[in-house]
Amino acid sequence: MDKLDKDIINRLQDGFPISDRPYADVAVELGTDETTLLQRLDIMLQEKTLTRFGPMYHAEKLGGAFSLVAMKIPQHDFDRVVDIVNSFAEVAHNYQRDHEFNMWFVLATETPEQVDGINNKITQQTGYPLYNMPKLQEFYIKLKFFV
Amino acid sequence: MVDDIDRRIIVATQAGLPLTAKPYLQLATQIGISHDELKKRMQAMQDSGVIRRIGAVPNHYKLGYKANGMTVWDVPDEKVQELGQKIGSLAFVSHCYHRPRHLPEWAYNLFAMVHAHNREEALQQVNVIADILGDNDRGHDVLFSTRILKKTGMRIAS
Numbered sequence: 001m002d003k004l005d006k007d008i009i010n011r012l013q014d015g016f017p018i019s020d021r022p023y024a025d026v027a028v029e030l031g032t033d034e035t036t037l038l039q040r041l042d043i044m045l046q047e048k049t050l051t052r053f054g055p056m057y058h059a060e061k062l063g064g065a066f067s068l069v070a071m072k073i074p075q076h077d078f079d080r081v082v083d084i085v086n087s088f089a090e091v092a093h094n095y096q097r098d099h100e101f102n103m104w105f106v107l108a109t110e111t112p113e114q115v116d117g118i119n120n121k122i123t124q125q126t127g128y129p130l131y132n133m134p135k136l137q138e139f140y141i142k143l144k145f146f147v
Numbered sequence: 001m002v003d004d005i006d007r008r009i010i011v012a013t014q015a016g017l018p019l020t021a022k023p024y025l026q027l028a029t030q031i032g033i034s035h036d037e038l039k040k041r042m043q044a045m046q047d048s049g050v051i052r053r054i055g056a057v058p059n060h061y062k063l064g065y066k067a068n069g070m071t072v073w074d075v076p077d078e079k080v081q082e083l084g085q086k087i088g089s090l091a092f093v094s095h096c097y098h099r100p101r102h103l104p105e106w107a108y109n110l111f112a113m114v115h116a117h118n119r120e121e122a123l124q125q126v127n128v129i130a131d132i133l134g135d136n137d138r139g140h141d142v143l144f145s146t147r148i149l150k151k152t153g154m155r156i157a158s
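Keeping their order, the protein sequence lines are chains Z and F.
According to our numbering, the first sequence holds residues 1 to 147 in order.
According to our numbering, the second sequence holds residues 1 to 158 in order.
Check before you lean on any hint, since a few could be wrong.
[Claimed, not checked] Think about it this way: if two alpha-carbon atoms lie no more than 25 angstroms apart in a straight line, the pair counts; the simulated DSS-like pairs of lysine-lysine are: (1) Z/48 - F/62; (2) Z/3 - F/151; (3) F/39 - Z/61; (4) Z/135 - F/62; (5) Z/48 - F/40; (6) F/62 - F/151; (7) F/39 - Z/121; (8) F/151 - Z/72; (9) F/22 - Z/48; (10) Z/6 - F/66; (11) Z/135 - F/150; (12) Z/121 - F/66; (13) F/86 - Z/6; (14) Z/135 - F/86; (15) F/62 - Z/6; (16) F/62 - F/40.
Because the hints were derived from the structure by calculation, they are not lab data.
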């Protein structure tokens, strides 16, 4: 990754114009040209330096709902529960964490009512209680990593 | 709220923006609306917050941020808003939320995701937060992710 790649990553975390030639507009700011910017972006996406480039949508404003859910799973039963939880399409992310609460997943549903229904199904199929932790307030989201 | 055409724009862009010189023209053609209408609708969705941002999402592991901790804090409920705004504005905190407790097993009501190059640096970040909270920190913990079990992101049905 050279300086131009880093400049691109930093600049493109701050937003992107809605214009006729947006890549050309940003290329001028970065002191490069449209073709180079498009090539660099393509490579960084292929190499997975960037996981995504495009609009990020606000699920709740689309009528959807997100919830963070935690579980405490005994180590010997962990893989079985992972398979069950991950089999639900509404489970968007799932992380193992080094804590008594060792499974943390995000449910993304099209309506808030669906959250409880899916949580009940997961409890029935796994045999473990769920700790539902929907956000009550969001303070700030930036997701900007300077490189 | 979004209408049917907006939904088609969302479905067409949720995997990403086209990497062509005129990405909005390509989307407009694909959806069957004019270039101007597409830009106007995207701008309206951005203004109303339906689109949080158009931009790049870096893979923080690849950028060297290997210690990604979920820090959790037990702070007085009546101060959670004031404190959440302070913590959320720190440069190393990407997300900050107020979430419900599950007493007695889970006493924490403020969550802040921190990102560091290693655990030592992450624990220094935890100390910075603890200093800011002062006496309002009635207990905290940090949970590091040890394995990504699934990561598909939000998907809207087409």
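- Message: Would the hint linking residue 6 of chain Z and residue 66 of chain F be met if the CA-CA limit is 25 angstroms?
- Response: 18 angstroms, holds
- Task: Below or equal to 25 angstroms on CA atoms is what counts here, so check residue 48 of chain Z against residue 62 of chain F.
- Result: 8 angstroms, holds
- Message: Checking one constraint from the list: CA of residue 62 of chain F to CA of residue 40 of chain F, max 25 angstroms. Satisfied?
- Response: Roughly 35 angstroms separates the two Cα atoms, so the pair is violated.
- Straight-line Cα separation of residue 86 of chain F and residue 6 of chain Z no greater than 25 angstroms? Not satisfied, since the Cα-Cα distance of roughly 28 angstroms exceeds 25 angstroms.
- Task: Sort out whether residue 151 of chain F lies within 25 angstroms of residue 3 of chain Z, counting only the CA atoms.
- Result: 29 angstroms, violated
- Given the proposed pairing of residue 62 of chain F with residue 6 of chain Z, does the C-alpha separation stay at or below 25 angstroms? Given pair residue 62 of chain F, residue 6 of chain Z holds - Cα atoms ~12 angstroms apart, limit 25 angstroms.
- Message: What's the verdict on residue 22 of chain F and residue 48 of chain Z, does the C-alpha distance respect the 25 angstroms limit or exceed it?
- Response: 23 angstroms, holds
- Given hint residue 150 of chain F paired with residue 135 of chain Z - CA-CA distance at most 25 angstroms: 21 angstroms, holds
- Message: Does residue 62 of chain F sit within 25 angstroms of residue 135 of chain Z, going by the straight-line distance between their CA atoms?
- Response: The given pair, whose Cα atoms are some 28 angstroms apart, is violated under the 25 angstroms limit.
- Query: Is the Cα-Cα distance between residue 62 of chain F and residue 151 of chain F 25 angstroms or less?
  - Reply: 16 angstroms, holds
- Task: Given the hint that residue 39 of chain F pairs with residue 121 of chain Z, test it: the Cα-Cα distance must not exceed 25 angstroms.
- Result: 42 angstroms, violated
- Task: Assess, step by step, whether the Cα of residue 135 of chain Z is no farther than 25 angstroms from the Cα of residue 86 of chain F, and give holds or violated.
- Result: 17 angstroms, holds
Hint compliance for this structure: hints 2, 4, 5, 7, 12, 13, 16 are broken, all remaining hints hold.
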